[in-house]
Amino acid sequence: MRTRKGLVQAVTRDYQLWIMILPAIIVILIFNYIPMYGIQLAFRDYDFSKGLTGGEWRGLAYFRQFIDSYLFTDLMRNTFLISLASIVLGFPAPIILALILNQIRRKKMKQLMQTTVYLPHFISVIVLVGMLNVLLSAETGVVGHLMKSIGLGHINLLASTGTFIPVYVLSDIWQHCGWNSIIYLAALSTVDPQLYDAARIDGASRWQTIRFIDIPALVPTIIILFILSMGNILSTGFEKIFLMQNSLNLPVSEVIATYVYKIGIVSSQFSLASAIGLFNTVINFIFLFAMNTISKRVSETSLF
Amino acid sequence: MPSTQGAGLSSHSTRPSIGGTGPSIQGAPPPINGNRPRLNGKELAFKITLGLLCTFIFLIIVYPLYFIVIASFSDSTLVATGKVWLFPKNISFFGYQEIFKDMRIWTGYRNTVFYTLFGTLVNMLFTLPAAYVLSRREFRARKAIMFLFVVTMFFNGGLIPTYLLMKDLQLTNTIWVFIIPFCVNVFYLIIARTFFESSLPQELYEAAVMDGCSHFTFFFKVALPLSKAMISVIGLYYLVGHWNDFFTALIYIRNNNLQPLQIILRDILLSNQVFAGGAGTGGDAGGYAQRYADQIKYGVIIVSTLPILVIYPFIQKYFEKGVMIGSIKG
Numbered sequence: 001m002r003t004r005k006g007l008v009q010a011v012t013r014d015y016q017l018w019i020m021i022l023p024a025i026i027v028i029l030i031f032n033y034i035p036m037y038g039i040q041l042a043f044r045d046y047d048f049s050k051g052l053t054g055g056e057w058r059g060l061a062y063f064r065q066f067i068d069s070y071l072f073t074d075l076m077r078n079t080f081l082i083s084l085a086s087i088v089l090g091f092p093a094p095i096i097l098a099l100i101l102n103q104i105r106r107k108k109m110k111q112l113m114q115t116t117v118y119l120p121h122f123i124s125v126i127v128l129v130g131m132l133n134v135l136l137s138a139e140t141g142v143v144g145h146l147m148k149s150i151g152l153g154h155i156n157l158l159a160s161t162g163t164f165i166p167v168y169v170l171s172d173i174w175q176h177c178g179w180n181s182i183i184y185l186a187a188l189s190t191v192d193p194q195l196y197d198a199a200r201i202d203g204a205s206r207w208q209t210i211r212f213i214d215i216p217a218l219v220p221t222i223i224i225l226f227i228l229s230m231g232n233i234l235s236t237g238f239e240k241i242f243l244m245q246n247s248l249n250l251p252v253s254e255v256i257a258t259y260v261y262k263i264g265i266v267s268s269q270f271s272l273a274s275a276i277g278l279f280n281t282v283i284n285f286i287f288l289f290a291m292n293t294i295s296k297r298v299s300e301t302s303l304f
Numbered sequence: 001m002p003s004t005q006g007a008g009l010s011s012h013s014t015r016p017s018i019g020g021t022g023p024s025i026q027g028a029p030p031p032i033n034g035n036r037p038r039l040n041g042k043e044l045a046f047k048i049t050l051g052l053l054c055t056f057i058f059l060i061i062v063y064p065l066y067f068i069v070i071a072s073f074s075d076s077t078l079v080a081t082g083k084v085w086l087f088p089k090n091i092s093f094f095g096y097q098e099i100f101k102d103m104r105i106w107t108g109y110r111n112t113v114f115y116t117l118f119g120t121l122v123n124m125l126f127t128l129p130a131a132y133v134l135s136r137r138e139f140r141a142r143k144a145i146m147f148l149f150v151v152t153m154f155f156n157g158g159l160i161p162t163y164l165l166m167k168d169l170q171l172t173n174t175i176w177v178f179i180i181p182f183c184v185n186v187f188y189l190i191i192a193r194t195f196f197e198s199s200l201p202q203e204l205y206e207a208a209v210m211d212g213c214s215h216f217t218f219f220f221k222v223a224l225p226l227s228k229a230m231i232s233v234i235g236l237y238y239l240v241g242h243w244n245d246f247f248t249a250l251i252y253i254r255n256n257n258l259q260p261l262q263i264i265l266r267d268i269l270l271s272n273q274v275f276a277g278g279a280g281t282g283g284d285a286g287g288y289a290q291r292y293a294d295q296i297k298y299g300v301i302i303v304s305t306l307p308i309l310v311i312y313p314f315i316q317k318y319f320e321k322g323v324m325i326g327s328i329k330g
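Quick note, the sequences are listed as chains W and V, same order.
According to my numbering, the stretch in the first sequence is residues 1 to 304, in order.
According to my numbering, the stretch in the second sequence is residues 1 to 330, in order.
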């Protein structure tokens, strides 16, 4: 029963609630909404004395400057390629892993496997890139020695334009695949066990139970996560790419996010960097909406 | 319906509806085939494939970690020439000695521990009460405030406007930049709200009100004690986030005394700065140092990851629970 207990009591009640939520509201307004307001910097000259929104209005000049710059095609291509490779290889990996883990019958074994696959997620991105540096080094790394011993010769995996994307994507799978599989495992755990029994009585093989019970049970989760990952297609892993960059792989590793950092924070061209950042956000949004619409039509599952 | 031995294939066409929608399975077609022995050839092949796959996954994750451990206390020359594979050889703790002499690492450690503990505490102080309020159906502004929060998950001002705001607020080069700007994570807030909503029945609150309970007392005396699982999961997420954060320091911190461990690690692991400053290597730095560069790196990886590895077994049981909490409704 929802009672109205009179105005006085309602106000007393609400006043305590307001006190509890006010700090969060203030923080969100300051640190999330003021920067949104500051987006207009992308259309203005930045003026040190007048702050975020005081400079002269320049319209789309900074967007044009970015699109006309010689780096534009390279940046777009790199960003798309890295995102695409991450999605094509990285997105199915946790699904497959969850299906595999879900098939392990022995409880101890399953526990051990899960503990193992979650572990790399807790390694910081800097330590991970540090590990890549020492392990993949062509001269002294264990992978370098391995490649030499099976006759693949002397390739510096970290400093060659051809291997940057594979190293980036595979190490990402190594690190996060297990962790990302948790959500699929959770979805699988909601499947009614009677379904498996029924299928077994029907003579279904283990493979068939995966194909006809497990995978369909995962579809809604898969779609939601896929839409979300499409919304991030142009903002993939700034931190890791930034740390993995060196002068030799720069032609394939410079992406929009790292460029924004260099233009904005390092060389203080605030307006141009804001414009590039906004350009990035808008394209992300278009992808998110497009995928959401398609998904709504096809499967009736959508984010909004 | 003709039943064939090749049930494996025919079932594809005869039972397309299985699992299409979960609940409707009760009305699945009748059995195609009689009972089959449980462990036939196919089952066995499946088991072997599964075993091999699991072994492969296990090794590929564990070996790099194991290798770093043995490399960190093996003779660096043997490691560099590829002689160390399975067991440490010519055990030497030179790398660790150098690390323990390096003050930067300890400063970084101290800073990171402080930012992590204090930051997580502030996170909880801001997130939990707000989540509780948003879970109360009688709170009128609930929907509007929720919308205000959720928008920030999909849209933000971007790097530069945020950076300039921090500068204007004079937060750069202070410890507060690690604590205040990120003290509410909307995603975790939603997880907490969903948990409060589903685990605290309305009747409980009404009964408490009858006994003269205010929102404050209800929150502290009833809601929090009933939510230990969720609190530990969210605390863990925040904790790991703070521990691994280097981006904040990269952008907002110039002062060496405030640098967190991750930035120090970057200097050592990626910029090879162990030797630029000498770090106790003495006179003939050059070649002498280069020989041990990698050993120090292996050791640094261990020393910096150790805290997480130590608490990992204790926190692991919460992972799945946490995701389950997050995935109920939305």
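These are computed hints drawn from the structure, not numbers from a lab.
Where hints are given, some of them may not hold.
Dumping the calculated DMTMM-like pairs for lysine to aspartate or glutamate here, alpha-carbon to alpha-carbon at most 20 Å [as the list claims (entries may be wrong)]:
hint	chain 1	residue 1	chain 2	residue 2
1	V	K167	W	D14
2	V	K221	W	D14
3	V	K167	W	D68
4	W	K107	W	D197
5	W	K262	W	D14
6	W	K262	V	D267
7	V	K47	W	D197
8	W	K240	V	D267
Keep in mind that this is a model prediction, so the values were computed, not measured.
Point to revise | Hints violated by the structure (numbers, ascending) | key: Per hint list: 1, 3, 5 violated.
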